[in-house]
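J.: Add chains D and V to chain B, keeping to what the hints say.
Residue numbers (full-length UniProt numbering), protein chains in the order written: chain B, 1 to 395; chain D, 1 to 101; chain V, 1 to 471.
Hints may be right or wrong, so weigh each one.
To be verified - Okay, the calculated beta carbon distance ranges per label pair:
{"id": "1", "chain 1": "D", "residue 1": "G10", "chain 2": "V", "residue 2": "G105", "range": "26 to 32 Å"}
{"id": "2", "chain 1": "D", "residue 1": "E7", "chain 2": "V", "residue 2": "Y195", "range": "51 to 57 Å"}
{"id": "3", "chain 1": "B", "residue 1": "P302", "chain 2": "V", "residue 2": "V302", "range": "41 to 47 Å"}
{"id": "4", "chain 1": "B", "residue 1": "A113", "chain 2": "V", "residue 2": "V302", "range": "57 to 63 Å"}
{"id": "5", "chain 1": "V", "residue 1": "V302", "chain 2": "B", "residue 2": "E124", "range": "18 to 24 Å"}
{"id": "6", "chain 1": "B", "residue 1": "S189", "chain 2": "V", "residue 2": "G28", "range": "36 to 42 Å"}
{"id": "7", "chain 1": "V", "residue 1": "Y195", "chain 2": "D", "residue 2": "G53", "range": "37 to 43 Å"}
{"id": "8", "chain 1": "B", "residue 1": "D5", "chain 2": "V", "residue 2": "R354", "range": "57 to 63 Å"}
{"id": "9", "chain 1": "B", "residue 1": "S189", "chain 2": "D", "residue 2": "A41", "range": "55 to 61 Å"}
{"id": "10", "chain 1": "V", "residue 1": "R264", "chain 2": "B", "residue 2": "P302", "range": "39 to 45 Å"}
{"id": "11", "chain 1": "B", "residue 1": "Q278", "chain 2": "V", "residue 2": "G94", "range": "17 to 23 Å"}
What the hints assert, rightly or not - Residues of chain D clear of chain V, computed beta-carbon distances all greater than 12 Å:
{"id": "12", "residue": "E18"}
{"id": "13", "residue": "T20"}
{"id": "14", "residue": "D22"}
{"id": "15", "residue": "R24"}
{"id": "16", "residue": "T25"}
{"id": "17", "residue": "G42"}
{"id": "18", "residue": "A58"}
{"id": "19", "residue": "G88"}
{"id": "20", "residue": "T92"}
{"id": "21", "residue": "Q95"}
{"id": "22", "residue": "E100"}
{"id": "23", "residue": "R101"}
By construction, these hints were calculated from the structure, which means they are not laboratory data.
Note that CB positions come from ideal geometry on N, CA and C, so glycine has one too.
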Amino acid sequence: MSTTDSSDVIVIGAGVVGAACAYYAARHGLSVTVLDRGAVAGGTTGAGEGNLLVSDKEPGPELELALISLALWRELSEALPPEIEYEPKGGLVVASAPEGLPALRKLAAGQRAAGVKAEEIPPERLPGLEPHLAPGLAGGVHYPQDAQVQPALAAAHLLRASGARLRLGEEVTGFLKGASGELKGVRTSKGALHAPYVVNAAGAWGGELARLAGATLPLLPRRGFVLVTEPLPQLVRHKVYSAEYVADVASGSAELQTSAVVEGTPAGPVLIGASREQVGFDRSLSTAALRRLAAQAVALFPVLARVRAMRTYAGFRPYLPDHLPAIGHDPTVPGLLHACGHEGAGIGLAPATGLVIARLVTGDKPPLDPGPFGPGRFAGASGTSGTSGRASTPR
Amino acid sequence: MARNPIELAGARPGPPFEITFDGRTVTALPGQSVAAALWAAGILAWRTTRRGGRPRGAFCGIGQCYDCLATVNGRPNRRACLVPARPGDAVTTQQGDGHER
Amino acid sequence: MSAEPYDLAVIGAGAAGLAGAVHAAGQGLSVALLDDAAQAGGQFFRHPAPALKAGRPQALHHHWSAFRELRSRLAASAVDHLTGHHVWTVTRDGDLPWAVHALTGADGEEQRPVCIRARALLLATGAYERQLPFPGWTLPGVVSAGGVQAMLKSGLVLPGRRIVVAGSGPLLLAAASSLATAGARVPLVAEAAGYLGYARHPGALAANPGKLAEGALHAKVLARHRVRLSTRSAVTEVHGTDRVEAVTVRRLDRDWRPLPGTGRRIACDALAVGHGLVPRIELATALGCATRQAPDGTSVLVLDDRQQTSVPGLWAAGETGGIGGWQLAAVEGELAALAVAHRLSGRPAPARVRELRRRRDRMRRFAEAMGAAHRPGPGWTHWLQDGTEVCRCEEVTAGSIREAVAELGARDARTVKLLTRAGMGWCQGRMCGAAVACLAAGGGGAAASEERRPFAVPVPLGTLAALDEPN
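Here chain B stands alone, though its shape is the one from the complex (with noise of 0.2 Å):
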């Protein structure tokens, strides 16, 4: 075993939830070494629009741990270039008819009381918030700490500013146990790397890597679709999408919904995600899917049905039956933590993910109580117990 070949820690996926658990690892004295069979960024991340928002979520772990990846987020933009676009610019939940508001209310009122700034925006102080907005909508609630960041750059530098050994176009194929069943490395494509903790960053790709190392993590791709615009002068303001889009992202169903999120970039696109659809990783075009996003997205500013759409794509959100991320120790294998799962919201919810990953490695108290969180909670209602998973050996 050469020494350059063992770590502290090895986390396994460069998109942005890798690189803020290499990020914060190594803030915390560990040496890292990250892992991705592609390219930085590659992957899930590679696909989103960079959302941090708090506005989507209800009262309950997943702000907790929201409201202190913003914070973090905030910092991070101080320490990191520019070049990562961090726009503290806001969020607008809009509802079309009136009958959508007392359910926009309710949901602000217990936002509130979780620590989020909500204020309602009535029907004629939005133009003055959006001067390009649809007439005649009900009302708002404007989210102020909602913020946006380039993605795949805000990976890239956060990478960059770990100081991790970066080790890309390198498969994980199996894992190194010790005697007990404890994790002492993995195998890849080009050899053998040395470490007594491996983190499961895989995203999207997080439960074929969970069961190669012998534990189950029920985690399936939800796939989304993105419109990007011809380049445009400032259009739109905030992060803004209607009412109905809380309820999609909640919702477990396999069919296809959409609740268009429109917003600016700073390079001039506008974005219009995000239809959720539970297809498998399957990228081919869906007209119906892409039909509803432009529809709605038309329909909250008249002013983009002449704009031009130059490109979609598709990106699959690593999607866990409860929603929730899985962040910690995984309950059958020693030495392997889950950090994956996190839907569509990975991006704002880095920060903090890579904090408490970071903080379990160490043994210093995490920022939240990462309970919630636990891969173990799976472990009865997926019907493989922990020992059959562990039985299981590496392709």
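T.: For chains D and V alone, coordinates are given in the frame of chain B:
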């Protein structure tokens, strides 16, 4: 031997007509694209880039590169190599993304 | 738009699509021929609009009579020729017919989107030019070699009076020959490859005497106009502030690396440049069609013996299966038409299929030999300076792409795009794709760009919003 392409192709188009480029009169032949009419007048650039403000005009000539985007009769982002010139067309140098701020 | 689906929709009305459409109609199929231009012909047979009343269109084409014949067969056929149709995507729901979605108008600007349905589909979308950047290539007056040809053939115009032609591939000679014939002074054709490359494939050459004759014809024209041809040479810099004033030409080694001390400055007011062609296959790759890397370094569709792609019901002909020129395209178009007719009718394939396949294979071999000879050498990246723009749309420099690869963890064209915006602009990486793929792979050569482009052309959101509910 032909001195120019019109003679070479034996073209006898109908009477030329006028379009304007940034207010200046340019003569076009029936059947020419906006880009062809501008080239014939010695004009090679009718757009400035979003970041550097650099001049651009036709590059690929077949509608694939979008470098020849022009504002034609107030509508931005028209591919000048594909859009036929029509009498009275007002072509203006497109600045940046071409949209009004 | 007919309620009953067509038997066959052909996308592209160049040599491949024209041949495919008229031969399919000849087999009794109902055919829609969609093309973005106002007239049939594609790039090779591009010609002046009727209003220009060109009495001698053949003066700009070597094989005008072949096109005239295809065009009159089209006119006499029952094919629905849909001009000004810009296909932005093709979809299929289960066993339902294909849905071909198109924008209409000269540049797709009309608010009248259409959807054509057909049982079979033939992609004959041709190619555009491969570009390799160099300092100054964004200056007005630098035009793609194919673009100069296209503007000349359709608009009867030139970008200047003194035009240097540079790059690689047989198109350069054709372009220089047309430019000189049309009255431009062409001081130099700089070809980066050494033509000796062909000599390694004498069999393929001997079997294609027509290609040799064509080359000889260009050579004769070039000699008559005193056009010099320099092989193993490239334009490595363009000079001028707001337009081209001169270029620097350097000698290259076998790997296309510029040799120090060989630069010479040539005054000119335009530069026509291109490094071969890139198949337009985005409609097919969006459907998941398999691709392969051709000897010229481009990504092309994998086709079976009868021109079918890896997706059943989708055929392709011409440049989409590998760059090969209009004669090969016409043969493949006819072959695909017979294959489609055979599939849809169940009748036995005509004996002509065998003859067509033989001709196709012979021409394909020659095309691949030629493509290999002009495949960019790994040394071309030495033309770049850090400040050279690689992505014309988003103005991304070679330096920032190299930084993304070396410092930020980009490893392919997609992650370079995510980290630098190269390829994110209006052309969606069509112009910079070949170069970015090389730089992303950390070196030179001709890495094929595997980028997917689900929209073949930009689509207004209002058009997307108004799509029919199913499909």
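J.: For each hint, tell me whether it holds in the structure or not.
T.: Each hint tested on the structure:
A beta carbon spacing of about 30 Å between D/G10 and V/G105 agrees with the range 26 to 32 Å that was offered as a hint. Our hint of 51 to 57 Å for D/E7 and V/Y195 is violated, since their Cβ atoms are close to 33 Å apart. Separated by about 44 Å at the C-beta atoms, B/P302 and V/V302 satisfy the suggested range of 41 to 47 Å. The hinted range of 57 to 63 Å is satisfied by B/A113 and V/V302, whose Cβ atoms lie roughly 59 Å apart.
Between V/V302 and B/E124 the beta carbon distance is about 60 Å. The supplied range of 18 to 24 Å is therefore violated. A C-beta distance of roughly 54 Å is found between B/S189 and V/G28, which places it outside the suggested range of 36 to 42 Å. A hinted range of 37 to 43 Å for the beta carbons of V/Y195 and D/G53 is consistent with their spacing of about 42 Å. The hint said 57 to 63 Å for the Cβ distance between B/D5 and V/R354, and at roughly 59 Å that hint holds.
Range check, B/S189 to D/A41: Cβ separation about 60 Å, and the 55 to 61 Å hint holds. One distance hint, 39 to 45 Å for the beta-carbon pair V/R264 and B/P302, is violated here, with the actual separation near 58 Å. Distance hint check for B/Q278 and V/G94: the Cβ-Cβ separation is about 19 Å, which falls inside the suggested range of 17 to 23 Å. Separation of D/E18 from chain V is adequate, the least Cβ-Cβ distance of about 16 Å exceeding the 12 Å criterion.
With a least beta-carbon separation of about 18 Å from chain V, D/T20 lies farther than 12 Å from that chain, consistent with its non-interface assignment. With a minimum CB-CB distance of about 14 Å to chain V, D/D22 clears the 12 Å threshold, and the non-interface call stands. Here D/R24 stays apart from chain V, with its beta-carbon at least about 17 Å from theirs, past the 12 Å limit. Remark: the non-interface label on D/T25 is consistent with the geometry, its nearest Cβ contact in chain V lying 18 Å away (cut-off 12 Å).
For D/G42, the non-interface assignment is contradicted: its Cβ lies about 9 Å from the closest Cβ of chain V, within the 12 Å cut-off. With a least CB separation of 6 Å from chain V, D/A58 falls inside the 12 Å interface cut-off, contrary to its annotation. With a least beta-carbon separation of about 16 Å from chain V, D/G88 lies farther than 12 Å from that chain, consistent with its non-interface assignment. Annotated as non-interface, D/T92 keeps its C-beta farther than 12 Å from every C-beta of chain V; the closest such distance is 16 Å.
D/Q95, annotated as away from the interface, keeps every beta carbon of chain V farther than 12 Å; the closest lies near 15 Å. No Cβ of chain V comes within 12 Å of the Cβ of D/E100; the nearest lies about 18 Å off, and the non-interface call holds. Non-interface status of D/R101 relative to chain V is upheld: no Cβ of that chain comes within 12 Å, the nearest being about 19 Å off.
In terms of the numbered hints stated before, the structure departs from hints 2, 5, 6, 10, 17 and 18, listed from lowest to highest.
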